[in-house]
Amino acid sequence: ELKVEQNPLFLSMQEGKNYTIYCNYSTTSDRLYWYRQDPGKSLESLFVLLSNGAVKQEGRLMASLDTKARLSTLHITAAVHDLSATYFCAVNNAGNMLTFGGGTRLMVKP
Amino acid sequence: DAGITQSPRHKVTETGTPVTLRCHQTENHRYMYWYRQDPGHGLRLIHYSYGVKDTDKGEVSDGYSVSRSKTEDFLLTLESATSSQTSVYFCAISAIRADYGYTFGSGTRLTVV
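Chains D and Y supply the protein sequences, listed in that same order.
To convert, note that position 54 of the first sequence is 54 in our numbering; the numbers rise steadily by one, no gaps.
To convert, note that position 4 of the second sequence is 114 in our numbering; the numbers rise steadily by one, no gaps.
Treat the hints as calculated values from the structure; they're not laboratory data.
Where a beta carbon is used, it is the ideal one built from N, C-alpha and C, also for glycine.
Take the hints with a grain of salt, since some may be wrong.
To be verified - Derived, one-sided and incomplete: chain D residues facing chain Y with beta-carbon distance under 8 Å: (1) Tyr19; (2) Tyr22; (3) Asn24; (4) Ala69; (5) Asn93; (6) Met97; (7) Phe100; (8) Gly102; (9) Gly103; (10) Met107; (11) Val108.
Said to hold, decoys possible - Covered stretches of chain Y (chain D as the covering partner; in silico rule of three or more C-beta atoms under 8 Å from a C-beta of chain D): (12) 146–158; (13) 194–206.
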């Protein structure tokens with residue numbers, strides 16, 4: 001059974017600081033997805049990582065995938081208040097299903 | 111973009127009544143999914159469909175049934191609603207292999223009283 005773990009579950013940080021969210025998963029998969037969710041809203045796709053070593057960047061966010069270590073990271077550079085949200089990683093497994101991590105609630109303080 | 115829509119957006123129902131949630135897509139994607147989101151549990155898969163009339167159970171399928179009679183629509187039915195089914199329900203769609211990811215609907219907030 002595929003398990004996906006994120007840490008930390010909650011992150012409070014100052015504007016301008018850098019931080020990394022980690023996503024570990026338990027079985028082999030070469031597809032990993034990052035989503036953002038604002039309170040009361042749906043999930044917004046951030047990154048689709050399809051191969052080992054994949055790295056994608058959008059603004060202050062950068063995601064990477066190491067399939068051998070079964071680890072993905074979401075790095076935040078010089079955080080701003082607008083990045084406050086909950087971030088989920090999700091892994092594709094057999095049958096094209098997604099299994100989600102528990103989410104990381106990010107709060108960026110001025 | 112309105113490639114996927116869910117209805118209703120909000121619903122309050124009484125314990126023991128049947129409830130049906132609808133997911134409609136205009137992307138002609140093969141795969142459709144129903145997830146529920148609860149505090150402390152993230153998103154958990156209820157049922158999914160890999161084609162018309164082809165469905166299978168997910169992690170938390172007890173008390174739920176689904177139907178897909180055409181590509182565009184995927185219905186989730188709570189056969190006899192219970193308070194433990196109070197949740198936010200999300201529908202998602204994906205193409206084969208999901209190279210472009212999964213697209214989620216806006217969600218249905220269901221309260222069972």
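Hints versus structure:
no. : hint    : result
1   : Tyr19   : violated (20 Å)
2   : Tyr22   : violated (15 Å)
3   : Asn24   : violated (14 Å)
4   : Ala69   : violated (22 Å)
5   : Asn93   : violated (10 Å)
6   : Met97   : holds (6 Å)
7   : Phe100  : holds (4 Å)
8   : Gly102  : holds (5 Å)
9   : Gly103  : holds (5 Å)
10  : Met107  : violated (16 Å)
11  : Val108  : violated (21 Å)
12  : 146–158 : holds (count 7)
13  : 194–206 : holds (count 4)
In this structure, the earlier hints numbered 1, 2, 3, 4, 5, 10, 11 are contradicted, and the remaining ones agree with it.
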